[in-house]
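Protein chains in written order, with the numbering used here: chain A, 1 to 138; chain B, 1 to 138; chain C, 1 to 138.
Worth flagging that the hints you see were computed from the coordinates, not collected in a lab. There's no promise every hint is true.
Any copy will do: because identical chains look the same in the list, a pair fits if it lies in one copy or spans two.
[To be verified] Mimicking DSS-like on lysine-lysine, the simulated pairs with C-alpha atoms at most 25 Å apart in a straight line are:
(1) K46 - K74
(2) K93 - K2
(3) K133 - K93
(4) K108 - K71
(5) K47 - K3
(6) K2 - K73
(7) K93 - K46
(8) K130 - K93
(9) K108 - K133
(10) K3 - K74
(11) K2 - K130
(12) K85 - K133
(13) K74 - K2
(14) K108 - K70
(15) K71 - K49
(16) K108 - K2
(17) K108 - K74
(18) K73 - K108
(19) K46 - K133
(20) K52 - K108
(21) K130 - K71
(22) K130 - K49
(23) K3 - K133
(24) K70 - K2
The lines below spell out each chain.
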Amino acid sequence: MKKASIILHSGDLDKAYSALIIGNGALAMGLEATLFFTFWGLERLKKGKLDKAKLCRRNLFGLGRWIMKKKMKKANLASLEKLLKNYKELGGKIIACEMTMEIMGIRKEDLREEIIDEYGAVGTFINEAKESKINLFI
Amino acid sequence: MKKASIILHSGDLDKAYSALIIGNGALAMGLEATLFFTFWGLERLKKGKLDKAKLCRRNLFGLGRWIMKKKMKKANLASLEKLLKNYKELGGKIIACEMTMEIMGIRKEDLREEIIDEYGAVGTFINEAKESKINLFI
Amino acid sequence: MKKASIILHSGDLDKAYSALIIGNGALAMGLEATLFFTFWGLERLKKGKLDKAKLCRRNLFGLGRWIMKKKMKKANLASLEKLLKNYKELGGKIIACEMTMEIMGIRKEDLREEIIDEYGAVGTFINEAKESKINLFI
Numbered sequence: 001m002k003k004a005s006i007i008l009h010s011g012d013l014d015k016a017y018s019a020l021i022i023g024n025g026a027l028a029m030g031l032e033a034t035l036f037f038t039f040w041g042l043e044r045l046k047k048g049k050l051d052k053a054k055l056c057r058r059n060l061f062g063l064g065r066w067i068m069k070k071k072m073k074k075a076n077l078a079s080l081e082k083l084l085k086n087y088k089e090l091g092g093k094i095i096a097c098e099m100t101m102e103i104m105g106i107r108k109e110d111l112r113e114e115i116i117d118e119y120g121a122v123g124t125f126i127n128e129a130k131e132s133k134i135n136l137f138i
Numbered sequence: 001m002k003k004a005s006i007i008l009h010s011g012d013l014d015k016a017y018s019a020l021i022i023g024n025g026a027l028a029m030g031l032e033a034t035l036f037f038t039f040w041g042l043e044r045l046k047k048g049k050l051d052k053a054k055l056c057r058r059n060l061f062g063l064g065r066w067i068m069k070k071k072m073k074k075a076n077l078a079s080l081e082k083l084l085k086n087y088k089e090l091g092g093k094i095i096a097c098e099m100t101m102e103i104m105g106i107r108k109e110d111l112r113e114e115i116i117d118e119y120g121a122v123g124t125f126i127n128e129a130k131e132s133k134i135n136l137f138i
Numbered sequence: 001m002k003k004a005s006i007i008l009h010s011g012d013l014d015k016a017y018s019a020l021i022i023g024n025g026a027l028a029m030g031l032e033a034t035l036f037f038t039f040w041g042l043e044r045l046k047k048g049k050l051d052k053a054k055l056c057r058r059n060l061f062g063l064g065r066w067i068m069k070k071k072m073k074k075a076n077l078a079s080l081e082k083l084l085k086n087y088k089e090l091g092g093k094i095i096a097c098e099m100t101m102e103i104m105g106i107r108k109e110d111l112r113e114e115i116i117d118e119y120g121a122v123g124t125f126i127n128e129a130k131e132s133k134i135n136l137f138i
């Protein structure tokens, strides 16, 4: 079976959307999917942080956070929470980066352990990626 | 025939350059190429927006927009407009993300319809990507 | 033998870490690895620039540069310099983007020539990428 492996390095809300939309899309098309959360991306797996908007360049100079949220709602775009729920129900795999946990001082109990399938390092990712048809760094 | 599928998520000028240069490079080397414009990247397909520089971190703290444009000109770097023209002439495919259009309130008539081959969602991208040798998220 | 080809487009410190960690991980798992330094990423190959932190959004609004460096040290994370040394010792390949050199006015003597295996353009990258199992744009 073909597989998609996606690294989520960025902490940006829009990048988390892209990662989960692509992951769900892969699963819906019959592929396997693995999301590897690392660096700022791992922050999104902390309790209560998934849908939290961060100040970012785009929020300062472009579309504001509030406007974007409103537009997303109007377009019936699911929340990241809903996308993550679908992702897990469709059999998507989630790996949390152990090295990031160590650097950032993140403990397992800070993370949503119930949705994490594996704690791994770069070797874990390479093993997934070298068997994958689609590899993306987001 | 081998294929390259590139998602352009970013709206940054330098990222648009990378996407089009890689797309053209792939076509020139005998591969097929698909560019999927989504999120801020889709803004670049609006009429009159392709070569427009945006304020970005790099413009504030690093190389200024004006200096960069001047250097590009001096180095005989083609404009994005020229790169896009070559891309289409070499047979490159362009997909516009329908979900982004809905969220951002972008209508077909806002976009340069004559260069868009298809309006699609994530499934369209997955279908391209799972048959591609090179997949990139930019 | 399987290969990983990574474009480092970003000049951000954390992105350079990701590129080198993934490159080293690939080599350690028995794959070949190629890093293609382009745009702001190429700046990291200038003499004395690899570990230099830049002002970036994250430094302004998130973790400060100083705090991040301290955390990295505490977690025994190797410097980029050390990661690069390992990368070369494990047989990793480094390509510098000639087009970027021309645009930015970077001369060979500005770069650390002793670690660069090849100066190439987009065609060089496509040739590597189309034979690679893992392709990433960072």
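Here's how the hints hold up against the structure:
| no. | hint | in the structure |
| --- | --- | --- |
| 1 | K46 - K74 | between (27 Å within a copy, 21 Å between copies) |
| 2 | K93 - K2 | both (14 Å within a copy, 24 Å between copies) |
| 3 | K133 - K93 | both (16 Å within a copy, 20 Å between copies) |
| 4 | K108 - K71 | between (34 Å within a copy, 18 Å between copies) |
| 5 | K47 - K3 | neither (28 Å within a copy, 37 Å between copies) |
| 6 | K2 - K73 | neither (33 Å within a copy, 39 Å between copies) |
| 7 | K93 - K46 | within (17 Å within a copy, 36 Å between copies) |
| 8 | K130 - K93 | both (16 Å within a copy, 18 Å between copies) |
| 9 | K108 - K133 | neither (30 Å within a copy, 32 Å between copies) |
| 10 | K3 - K74 | neither (33 Å within a copy, 36 Å between copies) |
| 11 | K2 - K130 | both (11 Å within a copy, 8 Å between copies) |
| 12 | K85 - K133 | within (24 Å within a copy, 30 Å between copies) |
| 13 | K74 - K2 | neither (34 Å within a copy, 40 Å between copies) |
| 14 | K108 - K70 | between (33 Å within a copy, 21 Å between copies) |
| 15 | K71 - K49 | both (20 Å within a copy, 21 Å between copies) |
| 16 | K108 - K2 | neither (30 Å within a copy, 34 Å between copies) |
| 17 | K108 - K74 | between (36 Å within a copy, 18 Å between copies) |
| 18 | K73 - K108 | between (32 Å within a copy, 21 Å between copies) |
| 19 | K46 - K133 | neither (29 Å within a copy, 32 Å between copies) |
| 20 | K52 - K108 | within (20 Å within a copy, 31 Å between copies) |
| 21 | K130 - K71 | neither (38 Å within a copy, 31 Å between copies) |
| 22 | K130 - K49 | neither (30 Å within a copy, 31 Å between copies) |
| 23 | K3 - K133 | both (6 Å within a copy, 12 Å between copies) |
| 24 | K70 - K2 | neither (36 Å within a copy, 41 Å between copies) |
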